[in-house]
Amino acid sequence: MLAIQRGEASAYRRLSEQYLPKVLNFAFRLLSDRSEAEDVAQDTFLRVWQHASKWKPTAAVSTWIFRIAHNLCIDRLRKRKPADEESADLPASQGPSQMLERKRAAGAVQAAIDDLPERQRAALLLAHFEGLTNPEVAASLGVGVEAVESLLSRARRRLRGQLETMNAQRSRP
Amino acid sequence: MTGDNPEAMTLDTFEELLDTYGRLESWPERQRSSGAAFAEQSPAARHMLTQLHTLESVLEDLPVLEPTAALRRAVAKVPVRAPRAIKPAFDLRFLWRPLVTVGLFAVMGVSLGLVATEPEGRQTASAYDEEWEDGLALTQLAFASEWVGDEDDE
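From first to last, the protein sequence lines stand for chains A and B.
For the first sequence, the working numbering begins at 1 and goes up steadily by one.
For the second sequence, the working numbering begins at 1001 and goes up steadily by one.
These are calculated hints, taken from the structure and not from any lab test.
Predicted, not measured: the structure shown is a model, and the values here were computed from it.
Built from N, CA and C at the ideal position, the CB exists for glycine as well.
Careful: at least some of the hints might be erroneous.
Interface residues of chain B toward chain A, partial, derived using beta-carbon atoms under 10 Å [said to hold, decoys possible]: (1) T1013; (2) E1016; (3) M1048; (4) T1054; (5) L1055; (6) E1060; (7) D1061; (8) L1062; (9) V1064; (10) A1082; (11) P1083.
Isolated chain B (complex conformation):
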């Protein structure tokens, strides 16, 4: 296809573009201006444009049907005539994987938070571990009576 040079465009090219894309406004951008310039110089090209415009105006005169009320009702009733099961917005069967993934990341995030570089004043990971073990031991002592009965008085 020709570029923006109107002298490079021929009547055959102009006609091909006109028939392929219709009005000049619908042409590919790179050929639009050269097509317009060519039409200004060529009476034959202007005649083709007039033919196209006439054709389009006649097409606009073709009858336009309005759907009848009966047709509208019939189309609107399709879901009633052909009911389908309503799918929930979230299908729980497919949620377990993302939930597990989120859970794993949450655990990893907590773990990484415990071993990350701490600003001054915060406890180190080993200190957290010691506290955790102390807490665990205390918990075991607190609940020991439940396990060993009256023998534990600590």
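The shape of chain A in the complex, shown without the other chains:
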């Protein structure tokens, strides 16, 4: 980051290559739209480059980058009309029945994640998929650690419950 602050493009390219897949998937899982996720990814790294001087060495680079991406996603979610919030842009499920079942479960879980309030969703994505600790998630979302713990608790409980309901429905004769 210090090299990027000095304007070294090569350092920026190394950083962007490392974090582009993470930012893209984070935005995709938050927005459920590939095109918008790609726009967010581009805007995120544009801001990383343009505002590199704002990064302080006391903050982890990952939490700073995810904070930028999260804020950009929030802006897009707020601009959406309710009719635009459709289900996930998932690939079609094909293959053996077991894989089909897993895909169906994944689709149901994706839909359940989409139904989570935005902050619960963001906290879960950062904690589970990006492996951030609770303090790091808090820094990325701009909230306190206790708030993150509460968000994760509610998100996981809701998803566990929905998965249980789904399993119970499938097991009915």
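Mind docking chain B on chain A? Use the hints.
This is chain B only, laid out in the frame that chain A set:
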């Protein structure tokens, strides 16, 4: 929160910790062992753990996007599209203060060295002063002809 006593942990506490931190390995250290011990004794707690593991395995099945080549190119070109001035590694405008500070300390160090306690055989500070003045006088005599012209033949 409960300590390491599994009997003190309740199912509600276990569920709260499970939902807050996820897998047992991610729990705060002081609650990890009591949580594991509680799960061994409680079928309901084991069921919750199974639910969580199932949830996590399903989450792993969610699609993972790979950035397209076009996206990679667009992101890589950001410095070209939005050029910034390259700052030098050392900004000389901000060096004068540390340089002055170092200089002052150097002068002080020399001065302190001249007045410090000398081991046997070394000259005292006053001797240094006398030598300095002698040297200065000699210098003045040597260069006197430059100042007074041909009149000085010493």
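Checked hints:
1. T1013: Violated, because the Cβ-Cβ distance from B/T1013 to chain A comes to roughly 12 Å (cut-off 10 Å).
2. E1016: 6 Å, holds
3. M1048: 7 Å, holds
4. T1054: 6 Å, holds
5. L1055: 6 Å, holds
6. E1060: 9 Å, holds
7. D1061: With a minimum Cβ separation of about 4 Å from chain A (threshold 10 Å), the hint on B/D1061 holds.
8. L1062: 5 Å, holds
9. V1064: Holds, about 6 Å.
10. A1082: Given a least distance of 6 Å, the restraint on B/A1082 holds.
11. P1083: 9 Å, holds
Against the hints set out earlier in the document, a violation occurs for number 1 only.
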